[in-house]
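Asks: These are the residues of each chain, in order.
There are 2 protein chains.
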Amino acid sequence: MALEPTKVVLLAGGVGGARMAEGLARALPKGALTVIANVGDDEEFYGLRVCPDIDTLLYTLSDRIDRSQGWGVADDAVKALDVLRDLGAPTWMKLGDADFGLHIWRSWQLVQGKNLSDITAEAAERFSALATILPATDDRLRTKLLTDEGWMDFQAWFVGKRCAPSVGELRYEGADLAKPSARALQAIAEADLIVVAPSNPLLSIEPILAVTGLRAAVASATAPCIGISPLIGGKAVKGPLARLLDDLDIDATSHAVARRYGSLLDAFVVDSGDAADALALEEDGLKVLATDILMGGPEGAERLAREVLAYASEKLSKREPGLR
Amino acid sequence: MALEPTKVVLLAGGVGGARMAEGLARALPKGALTVIANVGDDEEFYGLRVCPDIDTLLYTLSDRIDRSQGWGVADDAVKALDVLRDLGAPTWMKLGDADFGLHIWRSWQLVQGKNLSDITAEAAERFSALATILPATDDRLRTKLLTDEGWMDFQAWFVGKRCAPSVGELRYEGADLAKPSARALQAIAEADLIVVAPSNPLLSIEPILAVTGLRAAVASATAPCIGISPLIGGKAVKGPLARLLDDLDIDATSHAVARRYGSLLDAFVVDSGDAADALALEEDGLKVLATDILMGGPEGAERLAREVLAYASEKLSKREPGLR
Numbered sequence: 003m004a005l006e007p008t009k010v011v012l013l014a015g016g017v018g019g020a021r022m023a024e025g026l027a028r029a030l031p032k033g034a035l036t037v038i039a040n041v042g043d044d045e046e047f048y049g050l051r052v053c054p055d056i057d058t059l060l061y062t063l064s065d066r067i068d069r070s071q072g073w074g075v076a077d078d079a080v081k082a083l084d085v086l087r088d089l090g091a092p093t094w095m096k097l098g099d100a101d102f103g104l105h106i107w108r109s110w111q112l113v114q115g116k117n118l119s120d121i122t123a124e125a126a127e128r129f130s131a132l133a134t135i136l137p138a139t140d141d142r143l144r145t146k147l148l149t150d151e152g153w154m155d156f157q158a159w160f161v162g163k164r165c166a167p168s169v170g171e172l173r174y175e176g177a178d179l180a181k182p183s184a185r186a187l188q189a190i191a192e193a194d195l196i197v198v199a200p201s202n203p204l205l206s207i208e209p210i211l212a213v214t215g216l217r218a219a220v221a222s223a224t225a226p227c228i229g230i231s232p233l234i235g236g237k238a239v240k241g242p243l244a245r246l247l248d249d250l251d252i253d254a255t256s257h258a259v260a261r262r263y264g265s266l267l268d269a270f271v272v273d274s275g276d277a278a279d280a281l282a283l284e285e286d287g288l289k290v291l292a293t294d295i296l297m298g299g300p301e302g303a304e305r306l307a308r309e310v311l312a313y314a315s316e317k318l319s320k321r322e323p324g325l326r
Numbered sequence: 003m004a005l006e007p008t009k010v011v012l013l014a015g016g017v018g019g020a021r022m023a024e025g026l027a028r029a030l031p032k033g034a035l036t037v038i039a040n041v042g043d044d045e046e047f048y049g050l051r052v053c054p055d056i057d058t059l060l061y062t063l064s065d066r067i068d069r070s071q072g073w074g075v076a077d078d079a080v081k082a083l084d085v086l087r088d089l090g091a092p093t094w095m096k097l098g099d100a101d102f103g104l105h106i107w108r109s110w111q112l113v114q115g116k117n118l119s120d121i122t123a124e125a126a127e128r129f130s131a132l133a134t135i136l137p138a139t140d141d142r143l144r145t146k147l148l149t150d151e152g153w154m155d156f157q158a159w160f161v162g163k164r165c166a167p168s169v170g171e172l173r174y175e176g177a178d179l180a181k182p183s184a185r186a187l188q189a190i191a192e193a194d195l196i197v198v199a200p201s202n203p204l205l206s207i208e209p210i211l212a213v214t215g216l217r218a219a220v221a222s223a224t225a226p227c228i229g230i231s232p233l234i235g236g237k238a239v240k241g242p243l244a245r246l247l248d249d250l251d252i253d254a255t256s257h258a259v260a261r262r263y264g265s266l267l268d269a270f271v272v273d274s275g276d277a278a279d280a281l282a283l284e285e286d287g288l289k290v291l292a293t294d295i296l297m298g299g300p301e302g303a304e305r306l307a308r309e310v311l312a313y314a315s316e317k318l319s320k321r322e323p324g325l326r
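Sequence lines, in order, name chains A and B.
This note's numbering puts the first residue of the first sequence at 3, with every later residue one more than the last.
This note's numbering puts the first residue of the second sequence at 3, with every later residue one more than the last.
Since the hints were made in silico from the structure, they are not lab data.
Treat the hints with care, since some could be wrong.
Copies of the same chain are indistinguishable here, so a pair counts whether it falls within one copy or spans any two.
Said to hold, decoys possible - The calculated DSBU-like cross-link candidates involving lysine-lysine, where the alpha carbons are at most 35 Å apart (straight line), are:
| # | residue 1 | residue 2 |
| --- | --- | --- |
| 1 | K317 | K163 |
| 2 | K289 | K240 |
| 3 | K96 | K116 |
| 4 | K116 | K163 |
| 5 | K317 | K96 |
| 6 | K163 | K9 |
| 7 | K116 | K146 |
| 8 | K116 | K237 |
| 9 | K317 | K116 |
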């Protein structure tokens, strides 16, 4: 029975996730894609709520993104940040002026009692983004890293320290108390296909799945689930993944990444060059699509998205409801 | 006994007050001037505290001001405001990006429990402003206007409606509960001279004096008090004063303005052309300096400030403590 994905859910982090989202949005009919975003990297700056992964998704899917760096708004300036620096505030987190517009609006909406799901979905709509964007949870969840300099917030480690301190442990603080976004749960339940973006499994995907009940919702969905490897030849295209895997003594292979998602996956997409991973995954009982997974720009992302969707249509089918 | 003003307090509103402050700061030794600012025009935008008069003072005294319009930061942009507009927020209050930097910082400091006096004084110091700047009160005080369209906030009337609705009544909401800034009270008590800027008496000076205990503090200070008329030939140099006086059936004369300040004043400065006002004020028992009170730019403001200071040194002396 061929799958006709008209409702697709993507679990995604920031830069790589946003690129995959853009590819899928271009390949799918309008309104078909819902992205469920990681909020583990969220942080308050000057009392304003900044959601780096949601922001990158919003900017990418509304073509506001600074494509040369993959995050932030194109042609943005830092007049506000310069004033904050003059006033003695710490300014290691590079927040642009247009960027501040979004953070101010979001914080204002939160203070008025709206939840992050409604706020994020409204921002995506107002920005005419190519997909619905939702946080994994409206509750507080923060990725903390135990480094050789002690426990650190993600942004402090990633931006503030440029990933220099080595990492011994990760914790998704608040995950046990966080409930999944109701709208995210609904999207998962109604989906024809669930895609796990080639985002950092430890810093982007697992904080989503750590939200109490969210992993179970994916597991019990009737939609098949296909993941895309973030590694090519054991190396990450961008970001601190390879480094983090090394710190945490995890194999830097597509096989090892897929195993972390365990029984959630029906299929996994690996790079054509990673034949050993493909073989190992098939031995684990997973369906495997081996292809060129380097997205490059939006066209490359669309090409990969079309391959993934075609593969899903041909090889995957709806599952029986019930926990995997 | 000649007065040697080494500690001068200026009561001031926004644009005209800031110009007078700049003139005095240029004429006085460094550290001699403390400006006590009106907060009746303050308002929250998107959850951020905006203090238009304090901001204009900060920007003017740190040479950041957009001199062509008299408010806002020179060469500022509106990237944040454009995003807020895209997100459906009302954007009639023109807040620039550098401007937002200050509002974000101030709001963040307030949330941390600091009072507006300490925040404002710190901002002035961090900006290397030519004077100490303090709000009249740390408490909530808002100027409300009863117009032919009902009660309105000041900014909604002034910026939002461009002063179009006619005004029947003014109210300084919260003035009865507001306590004067402790630092402002100290500055008044220690001053050698108190100057009332040529600001709008109804919208800038009276909301300062309406703070419970502040008028009494000026009245009981040992420093003599000299005011400068905001009117030349019955016309205001800038802003909605003449219009407002007309609406409220108050004579548009320097004499009528000085009478509103009553016994607080020892002397008043009027324009050379307003001889009838000078005469009437002298008949009221006030000392009068008649000179060219049009400030124009910073040089003109400094010229007027030097004349006022010289006049005060020559003609005014310390007062016996006790209420006037």
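Asks: So, for every hint listed, does it hold in this structure?
Replies: Results for each hint:
no., hint, in the structure
1, K317 with K163, "neither (44 Å within a copy, 63 Å between copies)"
2, K289 with K240, "within (26 Å within a copy, 75 Å between copies)"
3, K96 with K116, "both (26 Å within a copy, 25 Å between copies)"
4, K116 with K163, "both (33 Å within a copy, 29 Å between copies)"
5, K317 with K96, "neither (44 Å within a copy, 56 Å between copies)"
6, K163 with K9, "neither (40 Å within a copy, 47 Å between copies)"
7, K116 with K146, "both (26 Å within a copy, 29 Å between copies)"
8, K116 with K237, "neither (40 Å within a copy, 48 Å between copies)"
9, K317 with K116, "neither (41 Å within a copy, 62 Å between copies)"
The structure is inconsistent with the numbered hints 1, 5, 6, 8 and 9, although it conforms to all the rest.
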